[in-house]
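Visitor: Assemble the dimeric complex from its two separately framed chains, guided by the hints.
For the protein sequence lines, the chains are A and B, in the order given. Heads up: the first sequence begins at 1 in the UniProt record's numbering, then just goes up one per residue. Heads up: the second sequence begins at 1 in the UniProt record's numbering, then just goes up one per residue.
By construction, these hints were calculated from the structure, which means they are not laboratory data. Some clues are possibly wrong.
[Unchecked claim] Under the rule of at most 30 Å between Cα atoms (straight-line distance), these lysine-lysine pairs were calculated in the DSS-like manner:
id, chain 1, residue 1, chain 2, residue 2
1, B, LYS44, A, LYS451
2, A, LYS610, A, LYS497
3, B, LYS44, A, LYS124
4, B, LYS44, A, LYS42
5, B, LYS75, A, LYS30
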Amino acid sequence: MAMRARQKIRAPRKGLGAATGVDAFESNWKALSSSLKRIHTKNASELSFEQLYRDSYNIVRYQRGDELYERTKQLEKEWLCEEVQKRVVGGISSSLLLANEVVDIQDQAVERRAAGERFLMVLKEAWEDHQLCMKMFTDVLMYMDPRKVSIYAAAMALFRDHVLRSPIRSDATTTAGDVLKSTVLFMIQLERSGHMIDRALIRHCIYMLEGLYETQAEEESSKLYLTSFEPEFLETSTAFYKAEGKRLLEMADAAVFCIAALDRITEEKERCLYTLSHLSEHKIKEVLDNELLRNNLAEVINLEGTGVRAMLDNDRLDILGKIYSLNARVDTKKAHLTAAVQKRVVEMGKEIHTASVAIAQAPAPLKPNGAEAGQKKDKEKEKPANQLTTSAIKWVNDILLLKQKFDNIWQQSFQSDQVMQTAITASFSDFINSTPRSSEFLSLFFDENLKKGIKGKTEVEVDSLLDNGITLLRYVKDKDLFEAYYKKHLSRRLLMKRSVSMDAERQMISKMKMEVGNQFTQRLEAMFKDMTVSEDLTSSYKQYIDRQGDPDAKRIDLDINVLTSTMWPMEIMSSTRDGQVELPCIFPREIETAKHSFEKFYLSKHSGRKLSWQPSMGTADIRATFQRSNGKTQRHELNVSTYALIILLLFNDVPTGESLTFEEIQARTRIPDNDLIRNLQSLAVAPKTRVLKKEPMSKDVKPTDKFFFNNEFQSPFMKVRIGVVSGGANKVESQDQRKETEKKMNDERGASIEAAVVRIMKQRKKLIHSNLISEVLSQLSARFVPDVNMVKRRIESLIDREYLERVAEDPPTYGYVA
Amino acid sequence: MSSSDPTQSEYVTLVSGDGFEFIIPRSAACVSGTIRRMLDPSSKFSEALSGRCVFENLSGVVLEKVCEYFCYNDKNKNQTNVPDMDIPPELCLELLMAADYLDT
Chain A
1 MAMRARQKIR APRKGLGAAT GVDAFESNWK ALSSSLKRIH TKNASELSFE QLYRDSYNIV
61 RYQRGDELYE RTKQLEKEWL CEEVQKRVVG GISSSLLLAN EVVDIQDQAV ERRAAGERFL
121 MVLKEAWEDH QLCMKMFTDV LMYMDPRKVS IYAAAMALFR DHVLRSPIRS DATTTAGDVL
181 KSTVLFMIQL ERSGHMIDRA LIRHCIYMLE GLYETQAEEE SSKLYLTSFE PEFLETSTAF
241 YKAEGKRLLE MADAAVFCIA ALDRITEEKE RCLYTLSHLS EHKIKEVLDN ELLRNNLAEV
301 INLEGTGVRA MLDNDRLDIL GKIYSLNARV DTKKAHLTAA VQKRVVEMGK EIHTASVAIA
361 QAPAPLKPNG AEAGQKKDKE KEKPANQLTT SAIKWVNDIL LLKQKFDNIW QQSFQSDQVM
421 QTAITASFSD FINSTPRSSE FLSLFFDENL KKGIKGKTEV EVDSLLDNGI TLLRYVKDKD
481 LFEAYYKKHL SRRLLMKRSV SMDAERQMIS KMKMEVGNQF TQRLEAMFKD MTVSEDLTSS
541 YKQYIDRQGD PDAKRIDLDI NVLTSTMWPM EIMSSTRDGQ VELPCIFPRE IETAKHSFEK
601 FYLSKHSGRK LSWQPSMGTA DIRATFQRSN GKTQRHELNV STYALIILLL FNDVPTGESL
661 TFEEIQARTR IPDNDLIRNL QSLAVAPKTR VLKKEPMSKD VKPTDKFFFN NEFQSPFMKV
721 RIGVVSGGAN KVESQDQRKE TEKKMNDERG ASIEAAVVRI MKQRKKLIHS NLISEVLSQL
781 SARFVPDVNM VKRRIESLID REYLERVAED PPTYGYVA
Chain B
1 MSSSDPTQSE YVTLVSGDGF EFIIPRSAAC VSGTIRRMLD PSSKFSEALS GRCVFENLSG
61 VVLEKVCEYF CYNDKNKNQT NVPDMDIPPE LCLELLMAAD YLDT
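Chain B with its partners taken away, still in its complex shape (with noise of 0.2 Å):
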């Protein structure tokens, strides 16, 4: 999916901290405050030249359904009366936890 400028690529690639590699639209992840600053080309950290971003501390659960509201976000941009996201009660804890570490 990478295009061989990543700093321009459309896609950017998430990783957890047990290896799951999801793929979603820049725009999308950006919704993040810190995956925003990550990836921000001037400072020209290593996150930014090659449009992969590792969360250690984040388990593919989580970071799973961060991605999905991260698509549910963009897609969903600038609408009223939109559904709510069905989230699962046992993970809204670690998810406010990755929310809050995210800036998001």
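Okay, chain A solo, but in the shape it has when bound (with noise of 0.2 Å):
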């Protein structure tokens, strides 16, 4: 270590002040209370700090802290029970004493109001004098050690003990802290019935009882107000909502109390805010959802008349919201209104459906026995197809309107909250599904609004349009049902060319692909390609028919749709008939030639490929010349199906005036009696396209009934289109039809259940036959939702063939056979 020339260090004198030396306790404490109780009286502007400092300095440096800590607090003791005590005394007036009786608020309120907040001022007051004394003490005796418990804390508990738990009267049991409760609550009863009170007066009091504890170390959870009064007030205010409440359901209307409840905790949340602590925000917001919320809004929501059925109903949105914040403070599933709206959508669903129904059912009073319920099924299938088809739409519209309504109230008034709208999709597919015809429906929603309702609207009207569909199409739980109905419909409007526009169509098939996945539009798309590739293929028949230079003038001009028969609609594509086979209808020999040479052009192409004929999906133009009586010819160009076509060819070889009968028709054509029948009604009973006449006119054909050739037919345009009667246009299925499609669904489903067991079992080897079951279920559930009975026979037949085989018995198990 360097040494360096040190400089002496003096040593201090002793202590700073105490010059003297010698221990002046008493004298400095003289000085000290005196002015400590100069402070007291508010006349410590003359006194110097400097030197009260200087006197407990000394005093501390003596080793008398201890004894001036004690004088101190005696000093203090003696000053708030002489002093402070009598003043807050002096404050209560007796009608506060009455503080726990039940008091009639009209009669003595405005006494005891004004009775009680001279008295909140007052102990206000002492508080505020208390507080300030202390702190200047403290200040003034900070050289005093650092104990467990500062002079300041030590004089809060003698406020406490003096002045807020000490008797106001020897012989009374009340004490201040009592009054001042009672005080309290009676004010903050007066505001929740609407009085105005001063809030900031009670503010100050809560404060004291905030800055005051029960123990002396000063926890957070031993403070006054904690331990004293909050209870009462959350007691009190249990009772008051539990009152509230009753009174409100007895006004039984759900808006009113909806409002009131919400202006009700957003009053208390204000009341803890500004009037009382803060501490009890949540504890009162306890009270209020327990007293007025849980115990209440379950009859709220379900009131009769102005519940949220009525809201619903009458879109009272803003109403809704509230009831759904409510019930959201409580119950973060908000079962109550969950389950009314889920409840009220299901309602409103049959009631769609119902309409529906009666609108299918809407010319059943024409006939004498209509108002037979109980006949509804047998006269469904007799009811014409166009009105079942109009309800079908009518019944998509409304679901979708509903739907609408629903999303609305969901984005408005629930907050598009998740759980909501869980609740309501779920109902939604609840009702869509509880009608088995839903699927049928939606279909035939698609189908009339790409035949006709789209035409005139902008793209996206007709995109939002689909799009609704979609949403729709969401709910359905057989998708493959719904495919099977598209696919139908689709093959009906591809090949009659009824779509009004490809774009539109094509749209829709995207659209179900984002929905619904690949495999579903599979087929769809696969129809499309088909048209397109007829397409060329026409024309370039066409051109090869134009090379060959064929000069006959009476050539048919032929227009292809080579179908793949896998993907069309088995109805379409079968040629059997309640499982016989059917012998292909007999073209005439114009159609014939030119199919053969359609044929002949197509396999040169496509070596190996088989071409069969549908020609009930087929239209025909032809010219038909009628040679009047008078003499003079007259010509109509024909649009009819390609049935008609050939039933018409028939009569170019009969002599006017000569008949065929329908037995005759049946045997040089072979068309199938339902389509034979169809197309003679059309040409020879409808009204305005009869071309045909018959004997005896009927509107049923008969297999004796004749047929003429009607040189009279009148028809006021050039061209003439001939319809088939109910076998054109996409409608509702019959009973029967139904049955057939649900039969075949029921196949197709067989067979994709076999396919996923085999798939699942090929990947797994060995599986459990309950984790089977449940895997078979989740891969097919995206399409439909298999029955578990169908499941298990399909396994069953598995084994039969021997695809899978029994490993173990308990628990049930399979093995897959390679």
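Guide: What follows is the structure in structure tokens.
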């Protein structure tokens, strides 16, 4: 260590102030105590802080700190008992002592309120003085050793014990604290019943309670406010809101209830902020939630006439929003509201359903026995299919409106709540699936719109229309059923060229693809592809014919659609009916030539393919010449179905005035009975397109009926379109057709299930029965909801066919047989 | 230096036992807990009203050093790498006592 010349350090004089070196405790204390008293009487400005500080400094320096502490406490206690307490008690007037009795608010309120305010004012002043004085004391006595309990906290405890907790009169047990409590509660009661009160004043007194502690350690939880005031406050609040809830319920208006409840909630919150302590905020909220909401909300929601049901019906979005926020407060799942909304959705769905049935039945009263509801089923069959179709479309439209309505409510009132959305979606899905024909109706809706509905609409409108339909599709569980119907309807639209816009069709397909998946639309897309390929084919066939240079003027313009048989709906493709193979119908010579020529052309391009002709789907334009009896001739262009064309061509060979019977026509054409009847009906019965005459003239076509060519055919138009009776348009299926579709559906589902089972087993090799079932269900759920029994049967059948084997009994387990 | 309202003036006067007066910024003086309490306007002691603090038991030499420290502290507030203050060794014990007294 480097040695340096050190300057001498002078020893300081002993202590800074105690120049005398004498322990002057008594004299110092005397000066100090008189000064402290003057602080109490607010005469501090005459005092020198430095002097007081120096006095206490000296006392402490001579190890007399403890004594100083005790003496100060004593001094303060005397002051509180003699002065402050008397002042506070003086502020209590007799009317306040009636505290706990039920006071008739009207009578004594004014008086009691004035007295209460007076008392609170006195107390507040006493408290504030005490606080200020104690702060000054602490400042002056700063040099005192930091003790376990600071002089400030000790003085606060003294205030608590000697002012708040001491009886106001020697013979009474009531304390100033009790009076304070009852007074504040009374004030709150006043405010709850709509009076104005001095919030700031109460707030100050509450500050005092917050500033005082039960124990000297001053823990948060031992605040006097929490221990002595809050419990009673919560208790009275509970009672109040119980009564309030009852009162509001008796008024039996859900809207009023909601508004009142929300007002109360904000009111209490405000009270906690401005009048009481924020510590109570969540507690009073709990009380409100419990008493006002949790106990009553279910009843409110279900109130007859004004409850959620009425709100939904009358679009009371604001009130719904309120009731939503109320329910959300007490229940994150919002069970009551959800249940009510769901119930209403299902109800409204049912209404729509009955309405659609009613429309379907509208013409029923025309018949005398129409009133009988029990015969609904039979009548439905007889109903003109048109009626049903309209009702189906109306059904979809109504559901869309309903959906829109609830979407709107959900956004505006339910704050786009996830839970609510799931609930609404679930109930929509429920009631839509409760209608077995929903997929058919929905497909009809698309059909109708793509055929007519979108005419004259902008792209955006079409888009939203399709989107709406797609949302409904989302709810439909049996998507495969929908696909079957859609395919059927689409094929009609495509083949008969009824679609307004191919763009819209494609858009629709791509939307479905996004919604349901690739697999779903595969076949639909294949149908479109067939159509485009066919167009090319037709034009190249025309070129081929042209090159052949066939000079035949009566040549037939052939438009061909070559369809891949697996992709198109089975009804169209099947040449079998009721299990019997039907012989292809006999084409007239002219057609047969064209047919052969095309077959030759097609097979030269694609060898090894088989073409089968579907006359039931085609149409033809023919030029017909009518020889009037007055010798004139009249030409009309007729647009007819292929079958009708065949029938009409027969009459080319029949001399005028002669007839063909039904049976003859049948034998010569081999057109299936159904189609033949329908075509003859449209040719001979329909009033505007009577190209044939029938004998006898009646609506039905009987095997013995005779048909004549009607040379007297009249039409104002050059071109006449002869539609096939109930054949061409897409309509609601009759009961029989439905059964058939369902049967086919089941077969197809069986195949899908088997495929799924095999797929899963191939991958897993070995699997327990229940796991297999659940995996199958989850794999297929995108397309339809398989019936568990059906899955079981399919598994059995696979075992029989030795794709699977049972490898264990308990639990039942299957193995994959490679 | 004192304005009409001493409780709010920017400077305060510190007086030593032997009569030296030091006028320093209020913010600097309030580094000392004792002086801060002394000048607290809410307690209304005579010092707070006049803005003048007399320290009977501090000598001018010590109080000067104390004031120097106050200003030094105020100037270098919130800074790092501050040069040390020069303290004459013969004063250091008395300064320690003063620091204790002033709660600095």
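Visitor: Holds or violated: B:LYS44 and A:LYS124, Cα atoms, limit 30 Å.
Guide: holds (21 Å)
Visitor: Would you mind confirming whether the straight-line C-alpha gap from B:LYS44 to A:LYS451 stays at or under 30 Å?
Guide: violated (93 Å)
Visitor: Is the Cα-Cα distance between A:LYS610 and A:LYS497 30 Å or less?
Guide: holds (25 Å)
Visitor: Is it true that the CA of B:LYS75 sits at most 30 Å from the CA of A:LYS30?
Guide: Between B:LYS75 and A:LYS30 the Cα gap is close to 42 Å, so the pair fails against 30 Å, i.e. violated.
Visitor: CA of B:LYS44 to CA of A:LYS42, is that 30 Å or under?
Guide: Given that 30 Å is the threshold and the Cα spacing comes to 9 Å, the pair holds.
When each numbered hint is compared with the structure, violations occur for hints 1 and 5.
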